[in-house]
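**Q** Assemble chain B onto chain P, guided by the hints.
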Amino acid sequence: MTGEVLLGSAIAIIVMAGCYNTTLFLLSRRRIRRVRGPRQQRLYVFLLACLNEEKVLAESLARITALPAGNFLALVIDDASDDGTADIARAAGPERVRLLQRTLPNARRGKGAALNAGIRHLRESGLMDGYDPHDVIICVVDADGRLDEHVVQSVDPFFDNPRVGATQIGVRMYNRHLGLLARLQDMEFVIYGDIFQCARRYIGSVGMGGNGQFMRLAALDSLAVPGREGGPWSDSLTEDLDLGVRLIARGWTNQHCTAAAVSQQAVLDVRRLVRQRSRWFQGHLQSAGLVPLILRSVPTRAAVDLLYHLSSPVLILLTSLLPLSFLVAVAGTVIGSVQAGRPLITPMWVIGPYVLSFTAAYAYGFVYRRRERGLGLVRSILLSHVFVFYGYIWFAAGWWGLWRMLTGKQTWLKTART
Amino acid sequence: MYGKPALGSVLPMAGLTVAPQVLPGIPFAKGLQEAAGAGFLLYCTSAFVLIAVKLWFAARGTLGSGAPEGGAPAGTTGSRP
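From first to last, the protein sequence lines stand for chains P and B. If you use the working numbering, the first sequence corresponds to residues 21 to 438, in order. If you use the working numbering, the second sequence corresponds to residues 17 to 97, in order.
Next comes chain P alone, as it looks inside the complex:
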């Protein structure tokens, strides 16, 4: 009896996650009604925290300086790079691109610390003097981030609503044509943005992604803790997730913009990809510290979704046991079939798991095809079947991240550019 309950509970994980994914897919198909306020002339400041980014920085800055927007500047925060990062920033044009050089021992303390230093520099240098903090929009862009040309025009209307504290744009992979792994990462970010983030606009729990993340300066100011130095960003490995939750807890609305995207470099090596995801996973585990804040200060509906979001690492670890169980059982049954001299596998062994595992692939294929018209619906759906297996990367990453956390390892090398 106990065994049957436990086996049923294991199936319930899949059913629960499937119901959640289906609900968010349906929510994401609804149109959003925007609350408008008076149009304002806003200052856009792009922050790029850079540590040895000479391979990718020039192209990103070229995209920013070519933006058809009136009032903007970029601040490159060089976090004590050993390469030519600072030279590239200087060469990009002092009119639009400013450089802040950090030095050791204060530098190389994580992305959050670098971004906090950037905000302090903006204030001390007087670049934002005379601006209302409500009309200054800070945008975090990764050094390899290539912003769409129309990004400011797409994001700006969201800030007409005075309650909007931050807006995340879509994330794509600019090298998605370079193989299956890059393509699957592109699909992963499109699905996350176009299904999960879009749906979370209705729930009030849109998350921040660290690249292509636009925030009102007044919202960042509201995160300041009296009597504590530092800045709005925490030193968490996933400082973006942390900041998004704290903005919601302070009463701000986070939005997700589907009309513009930032393109970044996909990782082309499985081992490096698993390592990158392990870092994110470990950061996600660290974010469990946000639970008391969510319970106290976030509206109930958004809180329930954020609690599910923050607890998804636990579910990932639990579900990782199921494919392993499947493989062991299939191997055992094949051996048993050989010993018995007849097949012991029934069609339900194939049909049942297929329906439960790959139904979502059709929805994912449908969503991805809307972004990649050239791919075709059939290829897109086939690709999304591969995507289901690609998701298993998280299982390896999850156990690695958990191991690092249990062994007290907090430092990570950043993902190298190619």
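Treat each hint with caution, since some may be false.
As the list claims (entries may be wrong) - Part of the chain B face toward chain P, derived, beta carbon under 7 Å:
| hint | residue |
| --- | --- |
| 1 | Leu39 |
| 2 | Gly41 |
| 3 | Phe44 |
| 4 | Gly53 |
| 5 | Tyr59 |
| 6 | Ala74 |
None of these hints come from the bench; they were simulated from the model. Bear in mind that the values here come from a model prediction, so they are computed numbers and not experimental data. Using N, Cα and C, we set each Cβ at its ideal position, and we do this for glycine too.
**A** Same frame as chain P, but now just chain B:
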């Protein structure tokens, strides 16, 4: 987290509940699935407690206490926070 689409799309062992025990590896496979099930029951218990605490806070009306001056909880309309 970006791994969320992976949830709900893993190969479950629906057929395992009726699989004969004599097959090699099946007891181990069942053990793995039971471990996942036990973990999920623990997860549900924790989730129930957290949601109960959340509802208790909501009933006490502490919501939005951290909002900026003049602010309000997300999802509402009105003047600038």
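**Q** Against the structure shown, which of the earlier numbered hints fail to hold, in ascending order?
**A** Result: no hint breaks.
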